[in-house]
Each structure stands twice: as structure tokens, then as C-alpha cells.
Amino acid sequence: MKRFSLLRLLPLLMASGMLALTLFVWPDEAADAGLLAWVNIALLLGLSLLLIRYGIRLLRERSEPPPGSRLRAKLVIALVGMLLVPSMVIQIVASQMVERGMDVWFDVRVDTLLDRALNLAQGFYARVESDMKRSMLEYLSDAALLAAVEGRLDYRLLNARLNDIRMHEGWQKLQLFDINERLIAVSQADELSTFQAAPLSENARLSMRLGRMATELVSGKDGEMAIGYAPLVGATSVEGLLRVEVKLPPGVIQNARSVEADYRSYRQLELNRQAIREMFTHVMLFVTLIVMLVAGMVALLFARRLTAPIGDLARALQRVTEGDLDVVIPEAPQDELGSLVRSFNKMSDRLRQNVQAIEKAQQQTSEALASSRQRQYVLEALLANLQTGVMLVDGEGRVRLLNQSVRDILHLSGKWMPGIGFAGACKGRLQVFAEFFDELRHQKGEHLQREFELHFKHDGRVHVLARGARLKAAGSSGFSGYLLVIDDISELAEAQRSRAWAEVAQRLAHEIKNPLTPIKLAAERLQRRFRGQVDDVEVFDTCTQAVIGQVERLQRLIADFSTLARMPKPRLRPVQTGELLREMQELFSAYPQVHVETDSADMRCVCDPDQIRQILINLLDNAVAATAAGQQVRLYIRRGGEMLEWHVEDDGEGIAGDVESQVFDSYFSTKPSGSGLGLSIARRIAEDHGGVLELVSCRRPTHFCLRLPLDATNMEVQ
Amino acid sequence: MWCFKRGSGLWAFAGAVWIALYAAVGDARAAAGFSIEIGPQVVYCAAQWNGDHTSLRRSLEAGIEVSMVWRISVARVRNYWLNDEIADIEFSRHVRADLLARTWLLEDSASGITRTTSSPDEAMAFLTRIQHYPVLDRALLSDGELYVLTVAIERQDGAMGEAWWSRFWKQTTLQMQQEFSIP
Numbered sequence: 000m001k002r003f004s005l006l007r008l009l010p011l012l013m014a015s016g017m018l019a020l021t022l023f024v025w026p027d028e029a030a031d032a033g034l035l036a037w038v039n040i041a042l043l044l045g046l047s048l049l050l051i052r053y054g055i056r057l058l059r060e061r062s063e064p065p066p067g068s069r070l071r072a073k074l075v076i077a078l079v080g081m082l083l084v085p086s087m088v089i090q091i092v093a094s095q096m097v098e099r100g101m102d103v104w105f106d107v108r109v110d111t112l113l114d115r116a117l118n119l120a121q122g123f124y125a126r127v128e129s130d131m132k133r134s135m136l137e138y139l140s141d142a143a144l145l146a147a148v149e150g151r152l153d154y155r156l157l158n159a160r161l162n163d164i165r166m167h168e169g170w171q172k173l174q175l176f177d178i179n180e181r182l183i184a185v186s187q188a189d190e191l192s193t194f195q196a197a198p199l200s201e202n203a204r205l206s207m208r209l210g211r212m213a214t215e216l217v218s219g220k221d222g223e224m225a226i227g228y229a230p231l232v233g234a235t236s237v238e239g240l241l242r243v244e245v246k247l248p249p250g251v252i253q254n255a256r257s258v259e260a261d262y263r264s265y266r267q268l269e270l271n272r273q274a275i276r277e278m279f280t281h282v283m284l285f286v287t288l289i290v291m292l293v294a295g296m297v298a299l300l301f302a303r304r305l306t307a308p309i310g311d312l313a314r315a316l317q318r319v320t321e322g323d324l325d326v327v328i329p330e331a332p333q334d335e336l337g338s339l340v341r342s343f344n345k346m347s348d349r350l351r352q353n354v355q356a357i358e359k360a361q362q363q364t365s366e367a368l369a370s371s372r373q374r375q376y377v378l379e380a381l382l383a384n385l386q387t388g389v390m391l392v393d394g395e396g397r398v399r400l401l402n403q404s405v406r407d408i409l410h411l412s413g414k415w416m417p418g419i420g421f422a423g424a425c426k427g428r429l430q431v432f433a434e435f436f437d438e439l440r441h442q443k444g445e446h447l448q449r450e451f452e453l454h455f456k457h458d459g460r461v462h463v464l465a466r467g468a469r470l471k472a473a474g475s476s477g478f479s480g481y482l483l484v485i486d487d488i489s490e491l492a493e494a495q496r497s498r499a500w501a502e503v504a505q506r507l508a509h510e511i512k513n514p515l516t517p518i519k520l521a522a523e524r525l526q527r528r529f530r531g532q533v534d535d536v537e538v539f540d541t542c543t544q545a546v547i548g549q550v551e552r553l554q555r556l557i558a559d560f561s562t563l564a565r566m567p568k569p570r571l572r573p574v575q576t577g578e579l580l581r582e583m584q585e586l587f588s589a590y591p592q593v594h595v596e597t598d599s600a601d602m603r604c605v606c607d608p609d610q611i612r613q614i615l616i617n618l619l620d621n622a623v624a625a626t627a628a629g630q631q632v633r634l635y636i637r638r639g640g641e642m643l644e645w646h647v648e649d650d651g652e653g654i655a656g657d658v659e660s661q662v663f664d665s666y667f668s669t670k671p672s673g674s675g676l677g678l679s680i681a682r683r684i685a686e687d688h689g690g691v692l693e694l695v696s697c698r699r700p701t702h703f704c705l706r707l708p709l710d711a712t713n714m715e716v717q
Numbered sequence: 000m001w002c003f004k005r006g007s008g009l010w011a012f013a014g015a016v017w018i019a020l021y022a023a024v025g026d027a028r029a030a031a032g033f034s035i036e037i038g039p040q041v042v043y044c045a046a047q048w049n050g051d052h053t054s055l056r057r058s059l060e061a062g063i064e065v066s067m068v069w070r071i072s073v074a075r076v077r078n079y080w081l082n083d084e085i086a087d088i089e090f091s092r093h094v095r096a097d098l099l100a101r102t103w104l105l106e107d108s109a110s111g112i113t114r115t116t117s118s119p120d121e122a123m124a125f126l127t128r129i130q131h132y133p134v135l136d137r138a139l140l141s142d143g144e145l146y147v148l149t150v151a152i153e154r155q156d157g158a159m160g161e162a163w164w165s166r167f168w169k170q171t172t173l174q175m176q177q178e179f180s181i182p
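Same order as they appear, the protein sequences are chains A and B.
Sequence positions in the first sequence follow numbering that gives the first Met the number 0 and run 0 to 717.
Sequence positions in the second sequence follow numbering that gives the first Met the number 0 and run 0 to 182.
If you are wondering where the hints come from, they were derived from the structure by calculation, not from laboratory data.
The structure displayed is predicted, hence computed values, not measured ones.
Check the hints yourself; a few may be wrong.
Per the computed footprint, the stretches of chain A lying under chain B, defined by three or more beta-carbons under 8 Å from a beta-carbon of chain B, are [stated by the list, open to error]: (1) 252-260; (2) 263-272.
Looking from chain A toward chain B, a few residues come up when the C-beta cut is under 7 Å (computed) [unchecked claim]: (3) Ala120; (4) Gln121; (5) Tyr124; (6) Leu216.
No residue lacks a Cβ here, since even glycine has one placed at the ideal position from N, Cα and C.
Could you put the whole structure together from the sequences, leaning on the hints where they help?
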């Protein structure tokens, strides 16, 4: 869920406040609102809409805002707030002061005072009017004046009468009009009278028409005058009009008019009291809003100018974080931010150089590593394909390297891994290698060579040649230790032994074979010639027969020796196994205990049939000789993969365990008359065929298996 | 306010200003008695200011000078374009009080006639009502055309010719319109 921070909600909160303020200052429908009020409303609504729009955009904004925008917003809010708070305080204080001031200005005592002053002024005027009317009341039916307007009075008498009245009443001017508004007589103080009178006013005509006295105030160049109109009433109707002018005292008039003007101004202000208050509020609000607007714009410009390098820096850092080290901030003002930007550019440049150096070193290391690995692969492949066992032991006696051949030759177990202690791991039949290694470490020479004969359960004896060499630290590797090379020289030793025996056989055959025939012939001649002459024929026969028999045995022995010495190469040809089996069955038909499975699958075998026949006869002879009555000898064939297996089993006493490993050795025989060459020759024949002759089990049954390859493509078929 | 970089922000601000000013103008369209009389030669109109009479009477009785500026205009109605103005008349009626004499001087700028009255009701009637007032010659209008007659009445308290900026905090204009056509 997205977390709404106060900064995100601040524009909406400010907008809410402005909308509340808008409702608060919204003009009353009944009142006459000035244009300024609506301008303020417009400003408030406009600012509120802007803030709402910005607030909604902030709330809907899901991605990270552009770098520097938050700082810019905070600066703008801070600057506007710094101006807004004092402005609001000033506005509140000023409003309170105006409110208090207006209460003082429009105090009820002032109101009463002005009312009384105006009443005084009005009373003065009323007094003047009432005095005029009361005075004029005496002359409404004045006989002289009526006679004058009727044309019955002499002008001089009339003039004297008017002067008397004017002087008696203290009026400044007195005019007499007839019913036709013609001026009849004038009496005027301090100046000559004129008969060119101004037309009567509406009030004068109204007074004459209605027969009612009237007064009015007239302002002239000499000041203000009170003018009174008194209709002259005759017997039946109004006959004329008396117009009276009284000049008002200038000082009193001036004060009265001042009172009137002040009263008017005061009332005008009082009527506009609410309007003045509202006007003041709106003006202050307008000024505040304008200040906020201007401050906001200035703050925005200032913040944008201030945060632009920070934003560039943040964007550049983002690019550096993403791996782009080619970023350079172009503009750098001459201030702390500019210094920061320049430092960043230097850092970026140095970082780029370092990365390039690292990449170059990495490339060189990779190439060296590849070369090293290649050499290692070559070495490992060489060691893996090497038939010779190789083992590397460090100076502390721990195995560092060993190949598969050494495992195969020495039948090493799975615990033989790099890191194992060599001396400790060499136990049992391998103890000789521990001694060999110890001798190598402590000898003075650099090389050591020994031959060992090891006995393994399945492979029998293995003749190995061990060679050791001390390795000195050289080159960059700094490795010092011992190199052990193990070779299986069993075949080589066997071949050397066979070759030695062959030479012995040849010499024996050559030296012994030649005298045997004359000895045998001489013994037979003695037997034939002197048999009748001897006393004890039986003894004679026994002796001669013994000589002949031993000579024959020696001849057979010499023949075997000759065979072993001159073993011919097998002449391979396809042979049906069934044919060979039937031959064996016929050959050993005299021995009922021999069972040949001729019904086995008749397979085709590539071999030299004479030599194979020789092997089979040898094995069957040995088996027949080892069995007693009731015991069986079995000959059968099986197919085992690509090999053809000839199995010969017997239920005889078998081979003793201590001679098990020697049955295929030359001149080893358990029979008194045996040459000990039969199985040796048979194994050699098998090997010449690319097969093997094995002793599967020593007793019950005594089981020999001859394995010959079915495919003889690599053999020379004749 | 940092949205000013966006054009839409300015449009929103302008919209708010327009709404407020529309409200201000709409407040001036108060109902008022208004009728048009089409004579054989002249088109007359009768109108009455239906503002705050209590306030007006208080101003008159307090001796404050009050003026009513009447603006009468006739325009031919045009669709999809501004109306074509045919006549535009402006006159004022002014009442000046004499508190000492308790009289009111009535002045009509159109006729130049002045007279004095001691009745505030008469002064109020003089200010707030016109009857059978000739607006324009009928010959200027065409038969069948649609016209609109607009009467705007502006009340001004105090002496005439005050500073122009005084209107920024006082807007007392009432306006009424009526369409008519020559039968």
C-alpha cells in the first residue's frame, strides 16, 4: 500500500484551507459586493484549483519524482509559508485595529454630538424662518400695502411705509409685488433700490397662489439670505405679495454649513461602515494573495534555479549507478553547488579511468587465466590419457595431483583425492609406496626407482615400477614436492620371463632332445634283445620300461618346451563353435563324466581352431584328472557382449587357495608328471587371439573361462 | 503554484477567474420593473430601480448626495455574433440635500431642469423611476427584426466624479433587458 506522506497531502490541505477561506469571504447576496471581492474570489479559486490539481497529481504519482522536485516543492512551500504566516498575522491585526478604530470613529457620543449640532443649526434656521413669518404675519392685511397693490396709494407714502416696516423689522430688503407679479415698490438698506427685479421663484408663486407664507434660503455672492414670502390678502383674495430678505450672519452661517457638511460626511461614512470594513478586508486579502502569488512565483524561480544543479547531480548519479561513467554535468555556477558539480565531474572522470584500468587488468588476467587453463587442460588431458600413473605430492606429503592411471594401476579407493596425506593413505599392500616415498624424501639423490609386486584379489599379481623425483621450487609457481610415476610392467615382466624361459626351453630341447632318442632306442633294443636272457624278466621289464617311459616323458617335456619357445602365430579363420564342441565330445567320449553342451547356440567364431582345440583339451584333461567318480565335467559356451566365452567346470577338489595365483605360471604344476606349461601355453594362446583365460572359481566348481572376441577385424584373418 | 510551468495550470486559473467574474456580473442582473412602449413615432420605455430603497432613503435623509446614472441602449439581435447597437442614451438624475432647510434639490442632466422639494419620497421617485421615456425614433427600426433594449442603472452615493478606482470595491449597477420587435 502506498504511503501518503504529509508533503503529498500538503497541497490538498492548503487547497482545502483556501476553499474554506473562499466560502468565508464569499460576498453576501444582499450586499453590493465590489469588483475587488470577486477578484479575490477568483484568485482564491484559481489558487485552490492549482493546488488541487498538483495534489491529485502527487497522489497519483507512482514512480519516483524527478530529482530535485521534492526539494523544490519544499523550498517553495517554505518561502510561501514564511510570507504567508506574517501576512496573515498582519491582516488579522490590521482588521482588529480597523474594527476597533471604526468603533471609536462611529461612537454613539459622536453620533449624538453631530445630531445635536445639526439640530442647533437647523434650529437657527427655523428660528429665523419663524421670526420672519411672525413678523410678516402682521402685514398680511396691511391697509397701506393693500392699497398700494390695488393702485390706490401714492408712491411716496408707500415708499415711506415700506421703509418704516423694513427699519422696524430689521429686514435688509423689502419688495412689494401685485397679483401680476409686477414689482410695485422696493425698500432696501444701504443701497439704492432698483425696479429690475428677478423673476419670482417657484416658492413665491406657490405662496401667492396658495395664500400661504413661505420661506427659503438663497445663497448669493454676499452670503446666504433668508427670503420670506407673505401673500397680501384682500377682502376676497390675494392681492399681492410681500417679499422679504434677511441677510444671515456670515459667522453663524459658516458654522452651520460646516456642521451640515460634517454631518453629511459622517453619515456617509456610517452608511458605508460595513462596506469600508469589507473593502479593507478585501484589499488586505487581495494584497496577501498577490504577495503569495508573487512570492510563489519568485520562490519557484529561485528554487528552480537552486535545485537545477542538484537535479542534474542526482540524474548524473543515477546514470553512474546504472554504469554510465561518461556522464558530465556541463553547467557549473560559481558557488558551493558549482564546486560540488565540478567535484562530481572530477570524481566521474577518475572513476572512469579507474574502471578502464580495471577492465584492462581484468582482460589481461582473463587472457592469462585462459592461457593457464588451457595449459592446465592440456596437462590434465595428457595425464588422463597417459597409461603411466602420475602422482604429485607436495613438500608436506599431501597429494596435489593424481591421474586415473595411477588409480587403475594401484586400485586406489575413492578417498584418494587431492589433499590427502600420502604416507597415511598408503596402507596394506600399498605400504611399500609409503616406504618408497620416505626413502625418496630422505635420500640425497634427486631420483629413486623401485620395482614392486603387488597382489590384488581379482587381478592377481601386478608388477609395478615406481620412479620418484624431487621437484624444486622454480619459476612463478614456487611449488616444491615430489613427482611419483607408477608403471604397470606386469606384461613386460611376463614377456621377459617368457622370453627367458623360451631361451631356456630351446637350449634344453637342443641339449636334451638329441640324446633321448638313442637312449629310448637303446632301451627298447635291450628289452627286445636281452629280455630272454635275463633271470628276472619282470625286473628287467620294469627297468627298461621305466627308462623308456621316462625318456618319453622327457620327450614330451622337450616338446612342450619347444612349443612354448616356438609358439606359432594363430592362423585365424571363421569356425563354427558347434563343430569344435562336437569334436571335444567325441574326443572325450570315453569319459562319461564329461558333458559337452552341443546344443548351445551355434555361433561363428574367428580363431585358430587347432590352438583353441589345444586349450580346450588341456582344460578338459585337467578337469578329468581332478574329478573322481560321480563328479562331472562341463563344457559349454556363452556369449558375453562382444566376446565368446568357453566355460570348463568340474566338481573336483579344486585348486588350493595358496596356489591360486600361480596356476598360469610356467613350470608350475600340482601333478607329479605335469610340466607346468599347459595353462601357461593356453593363456598365451588366448592372449594371442586377443582374448583372456581366467580362473573364475577355484573349487566347486573349479571354473575356467576362455573369452575370445567375436569380432576379429583387428586380427589378421587367414 | 509550481504548476505554472504547465499551460493547463494557467487555463485552470483563468477558468476560476471567469467563474468568479461571471458570478459578479450575474449578481448585477437583478430583477426590476421594466416595460417597453412602442408608439407610432417613438419607442418609449418605463423602468424602475428595484435596489435597496431603505438604504437610498437613509442616504437622502442623511444629506448624502445620490445620483442615478441611467444607460439605455437598443441593439439588433444577431445570431452567432455580437448584437448591432443602434442607440445608446445616457443621463443622470442627481439629488442634493440641504439639511439646514430640509429640502432636496432635484437635477435632471437630460433636461437641465432643477427643482427643490421638501419631500424625500418625491426625491426617491425622481431618482428611481422613469416613465414614458423616449428612447429612439421608430423609423430607425425595421419591421420583423428582433431588438433588445437594455437599461443599466448605476447608483452612486456621494459627489459625482469620484475616482475611477472607487468602482473596484463598489459595484451597484442593476441591469435589465427585454427583446422586442416592431409589429
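Status of the hints after comparison with the structure:
no.	hint	verdict
1	252-260	holds (count 3)
2	263-272	holds (count 6)
3	Ala120	6 Å, holds
4	Gln121	6 Å, holds
5	Tyr124	5 Å, holds
6	Leu216	5 Å, holds
In summary, the structure agrees with every hint in the numbered list given earlier.
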